[in-house]
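Novice: Below are the chains, spelled out letter by letter.
Protein chains: 2
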Amino acid sequence: MFMPVGTQGTVKTLGSEDLEALGFEMVLANTYHLALRPGSDMIERFGGLNELMSWDRPILTDSGGYQVMSLSKHRKISDEGVEFKSHLDGSLLFLTPEKSVLIQRQFGVDITMTLDECPPYPCTRDEAAAAMSRTEAWAKRSSSAAAEGQGVFGIVQGGVHEDLRRISASQITSIPFAGYAIGGVSVGEPLEMQRPVVSFTAPLLPADKPRYLMGVGHPGDILHAVESGIDMFDCVLPTRLARHHSLYTMQGRVNILNQQWAEHHGPVDESSVFPETERYSAAYMRHLFKAGEHLGQRLATLHNLAFYARLMNEIRDAITTETWPALREKYKAYP
Amino acid sequence: MFMPVGTQGTVKTLGSEDLEALGFEMVLANTYHLALRPGSDMIERFGGLNELMSWDRPILTDSGGYQVMSLSKHRKISDEGVEFKSHLDGSLLFLTPEKSVLIQRQFGVDITMTLDECPPYPCTRDEAAAAMSRTEAWAKRSSSAAAEGQGVFGIVQGGVHEDLRRISASQITSIPFAGYAIGGVSVGEPLEMQRPVVSFTAPLLPADKPRYLMGVGHPGDILHAVESGIDMFDCVLPTRLARHHSLYTMQGRVNILNQQWAEHHGPVDESSVFPETERYSAAYMRHLFKAGEHLGQRLATLHNLAFYARLMNEIRDAITTETWPALREKYKAYP
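Going line by line, the protein sequences match chains U and Z. If you're matching positions, the first sequence starts at 2 in my numbering and goes up one per residue. If you're matching positions, the second sequence starts at 2 in my numbering and goes up one per residue.
Treat the hints as calculated values from the structure; they're not laboratory data. Hints are supplied without guarantee of correctness; some may be wrong.
One copy or two, either will do: identical chains are not told apart, so a pair holds if it fits within one copy or between any two.
[As the list claims (entries may be wrong)] Pairs of lysine-lysine residues, derived as DSSO-like cross-links and limited to a Cα-Cα distance of at most 27 Å, are as follows:
1) K291 x K13
2) K291 x K74
3) K77 x K100
4) K141 x K86
5) K86 x K331
6) K100 x K86
7) K291 x K86
8) K291 x K100
9) K210 x K100
10) K86 x K210
11) K100 x K74
12) K74 x K86
13) K210 x K141
This is chain U alone, in the form it adopts within the complex (with noise of 0.2 Å):
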């Protein structure tokens, strides 16, 4: 399963009701960002982030930790927690293990992220090796914080180095968590590094948990990761790619801004199967592009999700029919 990027309580430039169209059944949501704005204490108030959006399927929210390796300028980080300066307004926001617990269950999210020390790419053997255990640390005091049923997912760390990636999936595979996280990927290390991680590390997670692999990534990588034994997945690739007009079809990846789609009156990719989509032309939506329009973004944001979804889907059906060299060859254009 592939879930859409919400940082903000909503994947951008869409509604609830674009996601269920387009079949998705769990999104992301940040806990970082929301608990600076609306605030985790409003949310709680209002019933929930579900409540929230008017979105009544599953959510999972990150811990903050991501934010921990991408705000570090406006972070410091101890053996206690995080103390974050808001980057809306400079007020301060200490984040814990625990409270980073307690606020997702404030939020009433289904999937519960441990607070983690994501180690920056690149970084030095031994600042992978006190990251990894930081996150140990933290993940045991998140799995006592936890309430009953919170589906709490630990997340191992360890960065490109093997050794490292066993003692931390040892580690964290021993604390009873509902599912367990690979984090630390995709974080600027080439993608000759990534996929290696991938594949020494899923194996080491239990097979009757869900597996998730955090942040990852392109189709290619995502077939990858799924030979590799991974079942869940988040990017903000289709999302943030659309709108920065670039557009996934069964050829590549192509920019709607370039000339040769100026007058062309299919949609981009004539295997299509969106209907808000596949009415439009390529010429329109580059029209919509340079005209600045909103609906440009739009229209490629759903475009772009609805080649995921699809290629959710293929990965299902072809695990269980065993077609899965076929799909390989289908998405040849995504090594």
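On the provided structure of chain U, position chain Z as indicated by the hints.
Specialist: Structure of chain Z alone, referenced to chain U:
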């Protein structure tokens, strides 16, 4: 009937499927903007504006006459026509009455507006009279240039001067157009000057042809104009105000950013009837605007246009069932 404004070939933030769901029968697009981008030759080759927008209901295009006023710093006007310096790249577009009719024929639209000179407010009586005379000359040339069945509408000018409006109405209605419009209204004059112009001009237009009041207006303006005999409207207000977080309700317009909506569970208008917006709380709409998410502008646009669509339905019903006073009372928040 009310036409949402789709200046660049899209009603901002919405697709054609949204306008269909809202129940609109016609949209307005802009000759000046579309002639610059993507260009009238491109649109003609593509099969017309309906084909480009994937919209199979009628389209009306304004002639560029409004831009004669609104882009007055970027154009030179003479009896022959208007030379625009493109606001996009500085290139020149020379629009004559004949050229405007021809471009709109290339667009393949259902209703073609004639090029007119819309005097600004305030202006001298002499300036208004000169613009009126030029508008008459251009109307004759437009009529001569039109193809059989092109559906061309003439436009009455004359500023805020009743005598000039009478002369202009006499001049324009002596030319056999498919419909007649009142232009040069809602260009900055106070409301107490606008309504009398509509009241005394509308009855001067043939009752057996559509009477179109260009660029108006607030719900109260529309109710007033219908009482004066107007049939057709377009206005950017519901869509532009939506993008500036101002929402129509039966209690008047509200600013969704106000603190009072911060935890409001219901939709912003309890009488909301459009399924894509009534599922969302006012609190969520406010959050989306606070967070700068495009979905906020989209939901607000759907909301405001649904309000206008319902208003027009109610107007049509009240005209035929003689319940007009009750309708006036119902919309008393919009005097």
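Novice: Each hint: holds or not?
Specialist: Hint check:
When the C-alpha separation of K291 and K13 is checked against a cutoff of 27 Å, the pair qualifies both within a copy, at 20 Å, and between copies, at 14 Å. Taking identical chains as interchangeable, the C-alpha atoms of K291 and K74 lie at most 27 Å apart only when they sit on different chains, with a minimum of 24 Å there against 35 Å within one chain. For the identical chains of this complex, K77 and K100 are intra-copy neighbours only, at 16 Å inside a copy versus 65 Å across copies, given an alpha-carbon limit of 27 Å. For the homomeric pair K141 and K86, the shortest alpha-carbon distance inside one copy (26 Å) is at most 27 Å, but the shortest distance between copies (67 Å) is not.
Proximity of K86 and K331 under a CA criterion of 27 Å is satisfied in neither setting, with 47 Å inside one chain copy and 50 Å between copies. In this assembly of identical chains, the alpha carbons of K100 and K86 lie at most 27 Å apart only when taken from the same copy (16 Å versus 59 Å across copies). Proximity of K291 to K86 under the C-alpha cut-off of 27 Å is restricted to the inter-copy arrangement: shortest distance 19 Å between copies versus 37 Å within a copy. Taking the shortest Cα distances, K291 and K100 sit within 27 Å of each other only across copies (25 Å), while inside one copy they are farther apart (45 Å).
Taking identical chains as interchangeable, the C-alpha atoms of K210 and K100 lie at most 27 Å apart only when both belong to the same chain, with a minimum of 25 Å there against 69 Å between chains. Proximity of K86 and K210 under a CA criterion of 27 Å is satisfied in neither setting, with 36 Å inside one chain copy and 65 Å between copies. Taking CA atoms no more than 27 Å apart as the test, K100 paired with K74 passes inside one copy only; the shortest distance there is 21 Å, against 58 Å between copies. Only within a single protomer do K74 and K86 lie at most 27 Å apart by alpha-carbon distance; the minimum there is 9 Å, versus 46 Å between protomers.
Taking the shortest alpha-carbon separations for K210 and K141, only the intra-copy value of 18 Å comes in at or below 27 Å, while the best inter-copy value is 78 Å.
Of the numbered hints stated above, those contradicted by the structure are hints 5, 10, listed in ascending order.
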